[in-house]
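Undergrad: Please work from the sequences and hints to get the whole structure.
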Amino acid sequence: MAEETTNQQTEETVAEPSAFERIEAAVAKAREAGKYDFDAIVDDGLEEGIKSLTPDKIEKTINEVLQSETGVRLKAYVDTCVHCGLCSEACHVYMSLDKDPKYSPVGKVKRTMWKMIDKKGKLTPEEVKQCSIIASTECNLCRRCLQYCPFGIDIGYILSTVRRICHKLGVTPLYIQDTAHSHASTQNQMWVKEDEWIDTLFWQEDEARDEIPTIRIPLEKEGADFMYSVIGPEPKFRTQLIYQAAAIFDQAGLDWTMPATPGWDNSDMAMYTGDFEIMARNKKYHFECAQRLRVRKIVMGECGHAFRSVYDVGNRWLGWKMPPIPIIHSIQFFYELLRDGKIKVKEKFPEYVTFHDPCNTVRGMGLHEMGRQVAEAFTLGVKDMTPNREYNYCCNAGGGVINCGPPWKTKRVLANKAKAEQLARMKDQGVNTVVAPCHNCHGGLEDIIHDYGLEMELKFLGDIIYECMEKPGAVEE
Amino acid sequence: MQGLYQFASGPLAWAAFIIFFFGLACRLISMFRQVSKKESFLYEYWSWDHALYSMFRWWVIPLGSRNARFNPVMAIVTWVFHVCLIFAPILLVAHVVVLDESALGWSWPTLPEAVTDIMAFLVVIGGCYFAWRRLTLPQVKYVTSGSDFIILAIVVAPFVTGILAYHQWGDPLTWTTLHILSGELWLVAIPFTRLVHMLYAPFVRGYTGSEFQGIRHVKDY
Chain A
1 MAEETTNQQT
11 EETVAEPSAF
21 ERIEAAVAKA
31 REAGKYDFDA
41 IVDDGLEEGI
51 KSLTPDKIEK
61 TINEVLQSET
71 GVRLKAYVDT
81 CVHCGLCSEA
91 CHVYMSLDKD
101 PKYSPVGKVK
111 RTMWKMIDKK
121 GKLTPEEVKQ
131 CSIIASTECN
141 LCRRCLQYCP
151 FGIDIGYILS
161 TVRRICHKLG
171 VTPLYIQDTA
181 HSHASTQNQM
191 WVKEDEWIDT
201 LFWQEDEARD
211 EIPTIRIPLE
221 KEGADFMYSV
231 IGPEPKFRTQ
241 LIYQAAAIFD
251 QAGLDWTMPA
261 TPGWDNSDMA
271 MYTGDFEIMA
281 RNKKYHFECA
291 QRLRVRKIVM
301 GECGHAFRSV
311 YDVGNRWLGW
321 KMPPIPIIHS
331 IQFFYELLRD
341 GKIKVKEKFP
351 EYVTFHDPCN
361 TVRGMGLHEM
371 GRQVAEAFTL
381 GVKDMTPNRE
391 YNYCCNAGGG
401 VINCGPPWKT
411 KRVLANKAKA
421 EQLARMKDQG
431 VNTVVAPCHN
441 CHGGLEDIIH
451 DYGLEMELKF
461 LGDIIYECME
471 KPGAVEE
Chain B
1 MQGLYQFASG
11 PLAWAAFIIF
21 FFGLACRLIS
31 MFRQVSKKES
41 FLYEYWSWDH
51 ALYSMFRWWV
61 IPLGSRNARF
71 NPVMAIVTWV
81 FHVCLIFAPI
91 LLVAHVVVLD
101 ESALGWSWPT
111 LPEAVTDIMA
121 FLVVIGGCYF
131 AWRRLTLPQV
141 KYVTSGSDFI
151 ILAIVVAPFV
161 TGILAYHQWG
171 DPLTWTTLHI
181 LSGELWLVAI
191 PFTRLVHMLY
201 APFVRGYTGS
211 EFQGIRHVKD
221 Y
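Protein chains in written order, with our numbering: chain A, 1 to 477; chain B, 1 to 221.
Hints in this document: simulated from the structure, not taken from any laboratory.
Don't take each hint at face value.
Computed cross-link-like contacts, DSSO-like style, restricted to lysine-lysine with a CA-CA straight-line distance of at most 27 angstroms [claimed, not checked]:
| no. | chain 1 | residue 1 | chain 2 | residue 2 |
| --- | --- | --- | --- | --- |
| 1 | A | 120 | A | 102 |
| 2 | B | 37 | A | 284 |
| 3 | A | 321 | B | 141 |
| 4 | A | 110 | B | 141 |
| 5 | A | 115 | A | 168 |
| 6 | A | 321 | A | 75 |
| 7 | A | 75 | B | 38 |
| 8 | A | 102 | A | 35 |
| 9 | A | 122 | A | 168 |
| 10 | A | 168 | A | 119 |
| 11 | A | 119 | A | 51 |
| 12 | A | 297 | A | 471 |
| 13 | B | 38 | A | 110 |
| 14 | A | 168 | B | 38 |
| 15 | A | 168 | B | 37 |
| 16 | B | 38 | A | 122 |
| 17 | A | 321 | B | 219 |
| 18 | A | 60 | B | 38 |
| 19 | A | 120 | B | 141 |
| 20 | A | 284 | B | 38 |
| 21 | B | 38 | A | 115 |
| 22 | B | 37 | A | 321 |
| 23 | A | 99 | B | 141 |
| 24 | A | 119 | B | 38 |
| 25 | A | 75 | B | 141 |
Quick partial rundown of chain B residues pointing at chain A, CB under 8 angstroms, derived from the structure [claimed, not checked]:
| no. | residue |
| --- | --- |
| 26 | 135 |
| 27 | 139 |
| 28 | 144 |
| 29 | 200 |
| 30 | 205 |
In silico negatives: residues of chain A with every beta carbon more than 10 angstroms from chain B [what the hints assert, rightly or not]:
| no. | residue |
| --- | --- |
| 31 | 110 |
| 32 | 237 |
| 33 | 406 |
For every residue, glycine included, the Cβ atom is placed at its ideal position computed from N, Cα and C.
TA: Written out as C-alpha cells, the structure is:
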C-alpha cells in the first residue's frame, strides 16, 4: 500500500513506494550490480586455510569425524532422508534466493555431507572450502527445517558436523575464526581485557547514578539471588544495555551481582565454528563463576545463541543433561518481574509494535508467549508478523553467519529477502517498530532494514521496559 | 515358469523373509548398541509422550502438521500410499490363504478383495505421483538420482504385478511369479537401502518430538 507525499518543488503529490516496492527495487539494483554472484566472494581465512590441506589430512579428518566422533544419529538422519524436498520452504535462504534448490536444507546437505560420504572423505581442498562456505554462510542452524521434515531430521546438526569437520581442517571464515580465537584467549567474544570489563561496569554505574543516585552494579557479591551475564559485544558497543538492565534490576529491588572475572561472557561463537572444546571451556568458566558466587540462578541478557550455548549445546558437551545452575533468559525474567509486580508500566510506548521471535529463544525454549506479553504490557499492542512464534523465519544473522563478517554481508542480506518481506508486510500496515530480544537478530535486522529501505526501528525488550517503566528512585530531570 | 514359481514361492520366499526380519533386527540392535556406546544422552532426553504425539500429529492425522497443510496433496497422497502399502499386503485374502496353507499355518482376518484391489491401485497411483514430483519439482529434482527411481520401482512393482495377476490380465502364472519375485526383492531391499526409513522413522521423529516439545517447549509439527 503506497503512501503519498508532496513533492516540495512541484507541489505534486507523489506516491511513496511501499515497503514491498522498496525491496523489489533493492533486489533489482543488486542483481544489476552483480551482487548475486556469490562465487566471487573471497574470504582470506578460507583461502589460507586450504593452502595447508593435503589429500591424506582431508580424508583422515573427515572419516574420523564421521566414524568416530559422530554416531548412529548422523547415519540415521542421512539414511532416513527420502529426498522428498519438503524441507525446502522452511528455509529463508531458499525462499529468498529465488527458490534455487541448491539452497534448500536437503540441497545444502547434498552439497556437503552427501559428498563427504559418497567420496568417502576424499574431497579436494576446493571442495572443503565450498563445504565451509555452505555450512558457515548459507545456514544459521535455525532448526526451522526440523519442523517441516516429515521425519524431523536435524539438518542443522548435519551442517554443524560439516562445520566441525572444516574447523578440524583449519578451514573457517576469517572473521568468525578470529572471534573463536578471542574466546580462546580472553574467554569472551570481543577481546575485552579483564580490567576493561570492570572499567566498563564502573563507567555504566557512574552514568546510571546521574539518573538513579543510589544505583549500584554489585560486583562479585557472594550469595546474591542471581548472577547477570551478558554477551561480549555489550561492553564493547551496546553498553547502554548494561545500564538499562542495572536500572531495571535496581528499581525492581532485586538482589543481583555480576562477576568481575572472565566467565562473565555467556556468548559462544566457538560453538558455531565447531570448536567445541573452546565452547566447553568457556561454558565451564561461566558456570563456575556462578557457582563461585553461590547464586541461585543465572539471568542472561537478551541473546539467542548464548542461550543455546548454556541451555543446549555447551552444557551437554560438559556432560550436563540440563545446565548445572538454572538459566533464565531475560524474556522470561522480565515476564516474571512484570507478573510479580516488581516492574510496573509508567506510560506505554506510544506505538503498536511487531515481535520478532529469535530462533534460539523460540525453537530453543518456547519463550514466544512470554515475550509478547511483556511487549503487550509496555506498548499499545503487538501486531504479529506471519509466520510467527516458533515458526518465525530466521534473521539470517544468527548461527555465526553475521560473525563471518564483511566479506559475506551482501550475501547474508540478499539471502534474507524473505525476512524483509515479512517486515514489509508490517510496515505497510503502519507498524514502524520491531521488538527483537536478541543481539544477533538486531545486527541482522538492522542490515535488512537499512539495505532494503524499510525505515523501521528496532528495540530490545530492555529498551522498551527501561523507557516505559516506573522508576521511583530516579531523579526528575 | 512352473519351476520358477515353485522356487520363488518356496525356498526363496523363506530366504527373503528371513533376510528381511534378520536385516531389520540387525540394524535395530546395531542402532541401540551404538547409541548406548556413544550417544546415550538420546535416552535421557527421549520422552514417550512427546515422541508418540509427534508421530500422531505427523503420521496418523493426514494433515496434522503445519507443513502437511502447506502441501496437502503430497501429504494426503503420502498418507494414503503408506496406509495402503502396509495394510494391503498384510490383510490380503490371497496372501493369508498362502500363509494358511504353508508350513506356518497362520491366518488372520482379511479385507474384502474389492477393497485391497483399490488399495493396490492407490499405491501405484501414489508411486506415479512421487515419480512426477521427482521429474518436475526443482527442489525434488535437485536431490533425486537414479537410486530414488530404482527404490520407487522396487516398491511399486509388487503392486503392479499383483494387480495384473489378480485381474488375470495376461498370463496369471507369469505375473504371479514376477509378483512374488518383486515382492521378495522389496523385502530384501528394505534393510539395506533408504527404505530403512521404515525402521528409523519412529526414532528420528520421536527424538525430535522429545527435544522440541520436551526440552524446548515448542511444536515440531
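Undergrad: Each hint should be assessed against the structure and marked as holding or not.
TA: The hints, checked one at a time:
{"no.": "1", "hint": "A:120 <-> A:102", "in the structure": "holds (22 angstroms)"}
{"no.": "2", "hint": "B:37 <-> A:284", "in the structure": "holds (25 angstroms)"}
{"no.": "3", "hint": "A:321 <-> B:141", "in the structure": "violated (40 angstroms)"}
{"no.": "4", "hint": "A:110 <-> B:141", "in the structure": "holds (12 angstroms)"}
{"no.": "5", "hint": "A:115 <-> A:168", "in the structure": "holds (18 angstroms)"}
{"no.": "6", "hint": "A:321 <-> A:75", "in the structure": "holds (23 angstroms)"}
{"no.": "7", "hint": "A:75 <-> B:38", "in the structure": "holds (13 angstroms)"}
{"no.": "8", "hint": "A:102 <-> A:35", "in the structure": "holds (18 angstroms)"}
{"no.": "9", "hint": "A:122 <-> A:168", "in the structure": "holds (15 angstroms)"}
{"no.": "10", "hint": "A:168 <-> A:119", "in the structure": "holds (18 angstroms)"}
{"no.": "11", "hint": "A:119 <-> A:51", "in the structure": "holds (21 angstroms)"}
{"no.": "12", "hint": "A:297 <-> A:471", "in the structure": "holds (25 angstroms)"}
{"no.": "13", "hint": "B:38 <-> A:110", "in the structure": "holds (25 angstroms)"}
{"no.": "14", "hint": "A:168 <-> B:38", "in the structure": "holds (20 angstroms)"}
{"no.": "15", "hint": "A:168 <-> B:37", "in the structure": "holds (23 angstroms)"}
{"no.": "16", "hint": "B:38 <-> A:122", "in the structure": "holds (25 angstroms)"}
{"no.": "17", "hint": "A:321 <-> B:219", "in the structure": "holds (21 angstroms)"}
{"no.": "18", "hint": "A:60 <-> B:38", "in the structure": "holds (20 angstroms)"}
{"no.": "19", "hint": "A:120 <-> B:141", "in the structure": "holds (24 angstroms)"}
{"no.": "20", "hint": "A:284 <-> B:38", "in the structure": "holds (22 angstroms)"}
{"no.": "21", "hint": "B:38 <-> A:115", "in the structure": "holds (24 angstroms)"}
{"no.": "22", "hint": "B:37 <-> A:321", "in the structure": "holds (17 angstroms)"}
{"no.": "23", "hint": "A:99 <-> B:141", "in the structure": "holds (13 angstroms)"}
{"no.": "24", "hint": "A:119 <-> B:38", "in the structure": "holds (25 angstroms)"}
{"no.": "25", "hint": "A:75 <-> B:141", "in the structure": "holds (23 angstroms)"}
{"no.": "26", "hint": "135", "in the structure": "violated (12 angstroms)"}
{"no.": "27", "hint": "139", "in the structure": "holds (4 angstroms)"}
{"no.": "28", "hint": "144", "in the structure": "holds (6 angstroms)"}
{"no.": "29", "hint": "200", "in the structure": "holds (4 angstroms)"}
{"no.": "30", "hint": "205", "in the structure": "holds (5 angstroms)"}
{"no.": "31", "hint": "110", "in the structure": "violated (5 angstroms)"}
{"no.": "32", "hint": "237", "in the structure": "holds (30 angstroms)"}
{"no.": "33", "hint": "406", "in the structure": "holds (30 angstroms)"}
The structure fails to meet hints 3, 26, 31 from the earlier list, while all remaining hints are met.
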